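Order-wise, the sequence lines are chains B and E.
Note that my numbering numbers the first sequence so that position 155 is 170, with each residue one more than the last.
Note that my numbering numbers the second sequence so that position 79 is 94, with each residue one more than the last.
Everything labelled a hint here was simulated from the structure, so no lab data went into it.
Everything numeric in this text was worked out from a predicted model, so none of it was measured.
Please note: incorrect hints may appear among the correct ones.
A pair counts as met if it fits within one copy or between any two copies, since identical chains are not told apart.
[What the hints assert, rightly or not] Below 27 Å or equal to it, Euclidean Cα-Cα: the simulated BS3-like pairs (lysine-lysine) are: (1) 245 x 69; (2) 84 x 259; (3) 259 x 102; (4) 245 x 17; (5) 247 x 84; (6) 218 x 146; (7) 259 x 245; (8) 247 x 259.
There are 2 protein chains.
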Amino acid sequence: MKVLIVYAHSQPTSFNSALLRTAVDTLTAQGHEVRVSDLYAMNFNPVASAADFKERRFEGHLQYDREQKHAVAQHSFSDDIEAEIAKVIWCDLLILQFPLWWYSVPAIMKGWFDRVFVNGLMYGQLGRFDKGGMKGRRAMISTTTGCFPGMVAEGGVMGHLDAMLWHIQYGTLAYVGFDVLEPFVTWSVRYEDDGARALYLQKLAERLQRLDEVPLKPMHPLSDFGSDWKLKADIAPRTIGHQKFVGASVEPG
Amino acid sequence: MKVLIVYAHSQPTSFNSALLRTAVDTLTAQGHEVRVSDLYAMNFNPVASAADFKERRFEGHLQYDREQKHAVAQHSFSDDIEAEIAKVIWCDLLILQFPLWWYSVPAIMKGWFDRVFVNGLMYGQLGRFDKGGMKGRRAMISTTTGCFPGMVAEGGVMGHLDAMLWHIQYGTLAYVGFDVLEPFVTWSVRYEDDGARALYLQKLAERLQRLDEVPLKPMHPLSDFGSDWKLKADIAPRTIGHQKFVGASVEPG
């Protein structure tokens, strides 16, 4: 299997770095091919701009996703984007390794999504979700947080983990077609002792040795939705973003 | 009132730019003071790094949030961060104007959160959520999307809008103490005609003229949670991230 790990931490002494090394070593020992995009080490530019295209379909006002579609056909992305696209197309499994910042990925990784998950290849007229360009591939989040598990759970002060990761797992990875594995979360990493941290590394290694046993996040195929883009009446919601929600706005004052 | 608008679009001919101008003009006409952080025009650096600190509390391994706490006390952030912090502290209302990319903000704005919402001032030992540093202030998202409203609603193919914006509205804005106003969403902006677009500008102006009538997103004060960080048994969940969720993982194979 071919595995791409996209990694977003600046410190080689971080626990994220230890998780990365564990993943590389474990997967390599299993006979898999592993490539790493170390975004900080690469000085990856996260800011989408006109400079991302070597030639333009439309002059003047930049319509970023329309230029992406053109650049897919012309292979005219900037070199850094072409290189990252090639890695994503190459891989069977994408792993995102990052510290959780503001319920999300660090900006350097957000910009990797913005610039590399391109219209016309990852999604677009070709389809999205189970029709997305990356269908048949798998993706998994591995993240670290200072939170304790009970905080990020049903009724927990930080809200449900599925809500926290919804925009990444559903809105990004599943959107382009990946099957999304249950995330691997290292909890309260700063407050743990070396023994607990070693156990997290061991658990990650064990998971990567038995990837076929890792549960998938439940998603809805597009066929679950009607022509009005709503879940069909006979389909029970299977995600936190599709279930019935009774919350309402608070009146001001 | 003092209003800070943080804006993340590179094109002055974009509809985001038109929304920004409408907001500035409307709020100014109402007698409010308005400042704009035009992140693309500022060439804002979204990548958190050691360069964000003019002096360090700890040598060697960078613990970003601990250095933030030190830099708050020493006023030793890099000049670009100090300037943005001053604007946030100055404002009574924060408006985020951005195109929705991957269910989230563009990377240049994510990096503004990463670098400007600093530990020791916006959150930290001082508290978070209703005890956060920005308590008493309001914040509002104004975003544009190619989606149609029915897609981003209960049972819609993209999932509920509250799930999409959860990491921003709850995990970022409410986390640091802001009262969060209902978001202003410009739907399917590319597919609308000029009349429909003009109507969106008018609706935004009307909203900004009557800010005190805009509903707030329901949140839970910290007193709703017990010492186990879970919602107390007698408190009904009021957010999409706190409600009961019956989803489960799919067994592999």
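Cross-check of the supplied hints:
no.: 1; hint: 245 x 69; result: neither (39 Å within a copy, 52 Å between copies)
no.: 2; hint: 84 x 259; result: neither (36 Å within a copy, 40 Å between copies)
no.: 3; hint: 259 x 102; result: neither (38 Å within a copy, 39 Å between copies)
no.: 4; hint: 245 x 17; result: neither (36 Å within a copy, 41 Å between copies)
no.: 5; hint: 247 x 84; result: neither (31 Å within a copy, 50 Å between copies)
no.: 6; hint: 218 x 146; result: neither (32 Å within a copy, 36 Å between copies)
no.: 7; hint: 259 x 245; result: both (12 Å within a copy, 21 Å between copies)
no.: 8; hint: 247 x 259; result: both (13 Å within a copy, 22 Å between copies)
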